[in-house]
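K.L.:
Given next are the chains, with one letter for each unit.
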Amino acid sequence: MTLNYEFMLETFVESLKGIPVTLLITAISLLAALPLGFIMALVRDGNKHKIAKAILDVYASFVRGVPMIVQIMLMYVLFPDILSLIAKALHLPIDIYGVPNIAYAILLFVLWTTSFLSETFRAGLHTVNKGQLEAAVSNGMTTFQGYTRIVIPQVLTNMLPVLCTNTNTLIKMTSLCFAMSVIEITAIAKIAAGNNLCYVEAYLVTALIYIIICFTVENIFKFMERNVSKKYKRLAAG
Amino acid sequence: MNITDVKLSYLIEYFLDFIPFLSVTLQYTLLAMAIGIVFGLLMAKGKLGKNRILKGFANGYTAVMRAIPSIVLLFLVYYGLPKIFMGAFAINLTRINKVYFVGITLGLFNIAIMSEIMKSSYLSVDRGQYEAAVSNGLTSSQAIIRIVLPQAFRISIPNVGNAIITLLKEGTLGYTIGLIDSMGRANQQNALTFQNHILEIYISLAALYWILTILLDRGFKAADSKLSYSSRAKERQTVKAGEISKEVAA
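Same order as they appear, the protein sequences are chains A and B.
Numbering follows this note's numbering, with no gaps: position 81 of the first sequence is 339.
Numbering follows this note's numbering, with no gaps: position 165 of the second sequence is 186.
Please note: incorrect hints may appear among the correct ones.
Stated by the list, open to error - Calculated pairs, DSBU-like style, for lysine-lysine (alpha carbon to alpha carbon, straight line, at most 35 Å):
#1 A:Lys-308 to A:Lys-346
#2 A:Lys-480 to B:Lys-28
#3 B:Lys-242 to A:Lys-275
#4 B:Lys-28 to A:Lys-346
#5 B:Lys-66 to B:Lys-119
#6 A:Lys-388 to B:Lys-247
#7 B:Lys-104 to A:Lys-311
#8 A:Lys-308 to B:Lys-247
#9 B:Lys-28 to A:Lys-308
#10 A:Lys-480 to B:Lys-242
#11 B:Lys-140 to A:Lys-489
#12 B:Lys-71 to A:Lys-480
#13 B:Lys-76 to A:Lys-489
#14 B:Lys-28 to B:Lys-76
#15 B:Lys-76 to B:Lys-242
#16 A:Lys-275 to A:Lys-388
#17 B:Lys-140 to A:Lys-388
#18 A:Lys-308 to B:Lys-140
#19 B:Lys-104 to B:Lys-119
#20 B:Lys-247 to B:Lys-140
#21 B:Lys-247 to A:Lys-306
#22 A:Lys-488 to B:Lys-242
#23 A:Lys-388 to B:Lys-242
#24 B:Lys-66 to B:Lys-76
#25 B:Lys-76 to B:Lys-104
#26 A:Lys-306 to B:Lys-242
#27 B:Lys-76 to A:Lys-488
#28 B:Lys-247 to A:Lys-311
#29 B:Lys-71 to A:Lys-275
#30 A:Lys-488 to B:Lys-140
#31 A:Lys-480 to B:Lys-119
#32 B:Lys-28 to A:Lys-311
#33 A:Lys-388 to A:Lys-306
#34 A:Lys-480 to B:Lys-140
To be verified - FRET-style restraints, in silico, Cβ to Cβ:
#35 A:Leu-261 to B:Ala-212: 31 to 39 Å
#36 A:Val-486 to B:Ala-153: 50 to 58 Å
#37 B:Lys-66 to A:Ile-478: 28 to 36 Å
#38 A:Lys-388 to B:Ser-249: 44 to 52 Å
#39 B:Ala-212 to A:Lys-346: 27 to 35 Å
#40 A:Lys-388 to B:Glu-34: 30 to 38 Å
If you're looking for bench data, these hints aren't it; they were derived computationally from the structure.
We put the CB at the ideal spot given by N, CA and C, even for glycine.
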């Protein structure tokens with residue numbers, strides 16, 4: 259078995275153009291889902307909003323239970339539908355066919371990541387003692403301050419290793435965006451492979467690019483962990 | 022096609038139509054689990070052992086498998102494996118059932134997953150158990166087989182359940198290489214109906230997987246709580262209490 263190295267080099271350079279798209283979807287999903295997922299975790303763990311809790315539980319079960327590709331196929335049909343219904347009801351002049359596919363992809367991934375991270379945060383919230391929030395509130399902070407200044411920093415610190423795994427899962431999941439005709443790393447390789455009939459070479463290159471991205475992300479998270487634990491040691495030392 | 026036009030009769034029709042294709046899902050999941058258990062055990066042994074080369078290989082394999090998207094590995098296996106077999110053994114694999122390609126791809130991932138599960142559940146059994154068994158006269162292998170492994174197996178049940186659910190979900194990607202499982206069947210139906218029932222088809226497909234994973238989840242949770250140490254201890258206690266109350270009554 260011989261490989262077409264020239265083609266591999268070309269595809270590698272070509273695939274690099276897809277990295278911004280992959281990272282854009284990942285970054286927006288993470289940035290939006292971090293606060294949203296935290297709120298979702300709080301609602302699902304609390305007893306205050308019974309109806310919202312029931313709806314979110316069903317939603318989380320859906321996201322966990324249905325394969326991502328099926329979700330993508332379903333939402334790819336549903337989102338434009340819902341959008342057109344909303345536009346009609348509110349008399350908004352939106353051109354449904356003008357919305358780029360990547361917008362639907364980002365919307366789907368934000369929703370997916372929110373539910374995905376809420377599971378992580380639920381586990382994380384249990385690692386921080388409830389008394390800490392009560393102490394913060396009884397010391398005169400508002401509940402919001404108690405969460406943002408006392409609870410969330412600790413949850414995030416505890417969750418860093420899991421967040422790293424989740425980020426990698428998310429990056430890998432974005433490879434399914436080809437089903438929504440979003441041109442990212444996998445889609446570029448797929449097109450190049452089909453045009454040149456060099457399937458193995460193209461996907462070897464894609465695998466390599468994903469490995470590089472995921473290892474970089476892992477190292478960034480490791481660096482963050484080290485820094486955070488250093489900071490805590492300094493704080494503990496006074 | 023609009024969301025307001027979804028017909029319940031079609032939903033039920035397609036749902037029933039997809040159910041027989043779950044046998045394909047079962048096939049690749051079983052193949053992947055078999056590969057994962059056999060080679061995962063070897064990998065876990067490598068990770069826990071003292072041999073540095075084996076350890077490095079096992080850890081490296083796991084790290085790489087964590088970084089490759091399933092769709093990319095599936096394409097690599099689907100296009101690469103026949104090439105390798107053709108070049109090395111002159112065996113033509115292009116005509117074999119596609120379910121094997123999906124099973125092997127999932128199996129490659131599953132080796133990494135299962136080895137991690139086996140390693141962590143083996144390590145979570147208290148070292149004192151092994152020492153107690155050995156000091157009671159069991160040989161080292163007896164202690165591991167009779168004392169440590171049964172406990173490790175019990176600890177691993179929730180994780181294995183999650184692994185199986187992940188496998189059968191990832192396997193839906195098999196449609197990209199032309200495998201006809203329930204996802205492939207959905208696309209077939211889409212083509213047959215000229216995309217007119219696309220919403221009904223995907224809603225029934227999502228419902229099928231949703232119900233399946235919920236049932237599996239429940240099953241594994243039930244198995245876990247049934248086998249967990251605390252519930253068995255409780256059972257023993259209630260039996261004892263029953264005996265005592267019988268004695269008192271007598």
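K.L.:
Each hint: holds or not?
P.N.:
Here is how each hint holds up against the structure:
no., hint, result
1, A:Lys-308 to A:Lys-346, "holds, 32 Å"
2, A:Lys-480 to B:Lys-28, "violated, 51 Å"
3, B:Lys-242 to A:Lys-275, "violated, 45 Å"
4, B:Lys-28 to A:Lys-346, "holds, 22 Å"
5, B:Lys-66 to B:Lys-119, "holds, 31 Å"
6, A:Lys-388 to B:Lys-247, "holds, 31 Å"
7, B:Lys-104 to A:Lys-311, "violated, 52 Å"
8, A:Lys-308 to B:Lys-247, "holds, 30 Å"
9, B:Lys-28 to A:Lys-308, "holds, 31 Å"
10, A:Lys-480 to B:Lys-242, "holds, 33 Å"
11, B:Lys-140 to A:Lys-489, "holds, 32 Å"
12, B:Lys-71 to A:Lys-480, "holds, 26 Å"
13, B:Lys-76 to A:Lys-489, "holds, 33 Å"
14, B:Lys-28 to B:Lys-76, "violated, 56 Å"
15, B:Lys-76 to B:Lys-242, "holds, 32 Å"
16, A:Lys-275 to A:Lys-388, "violated, 47 Å"
17, B:Lys-140 to A:Lys-388, "holds, 33 Å"
18, A:Lys-308 to B:Lys-140, "violated, 40 Å"
19, B:Lys-104 to B:Lys-119, "holds, 15 Å"
20, B:Lys-247 to B:Lys-140, "holds, 23 Å"
21, B:Lys-247 to A:Lys-306, "holds, 32 Å"
22, A:Lys-488 to B:Lys-242, "violated, 39 Å"
23, A:Lys-388 to B:Lys-242, "holds, 27 Å"
24, B:Lys-66 to B:Lys-76, "holds, 9 Å"
25, B:Lys-76 to B:Lys-104, "holds, 30 Å"
26, A:Lys-306 to B:Lys-242, "holds, 27 Å"
27, B:Lys-76 to A:Lys-488, "holds, 30 Å"
28, B:Lys-247 to A:Lys-311, "holds, 28 Å"
29, B:Lys-71 to A:Lys-275, "violated, 43 Å"
30, A:Lys-488 to B:Lys-140, "holds, 30 Å"
31, A:Lys-480 to B:Lys-119, "violated, 40 Å"
32, B:Lys-28 to A:Lys-311, "holds, 29 Å"
33, A:Lys-388 to A:Lys-306, "holds, 16 Å"
34, A:Lys-480 to B:Lys-140, "holds, 22 Å"
35, A:Leu-261 to B:Ala-212: 31 to 39 Å, "holds, 35 Å"
36, A:Val-486 to B:Ala-153: 50 to 58 Å, "violated, 40 Å"
37, B:Lys-66 to A:Ile-478: 28 to 36 Å, "holds, 32 Å"
38, A:Lys-388 to B:Ser-249: 44 to 52 Å, "violated, 26 Å"
39, B:Ala-212 to A:Lys-346: 27 to 35 Å, "holds, 30 Å"
40, A:Lys-388 to B:Glu-34: 30 to 38 Å, "violated, 50 Å"
Hints 2, 3, 7, 14, 16, 18, 22, 29, 31, 36, 38 and 40, counting from the list given before, are not met by this structure.
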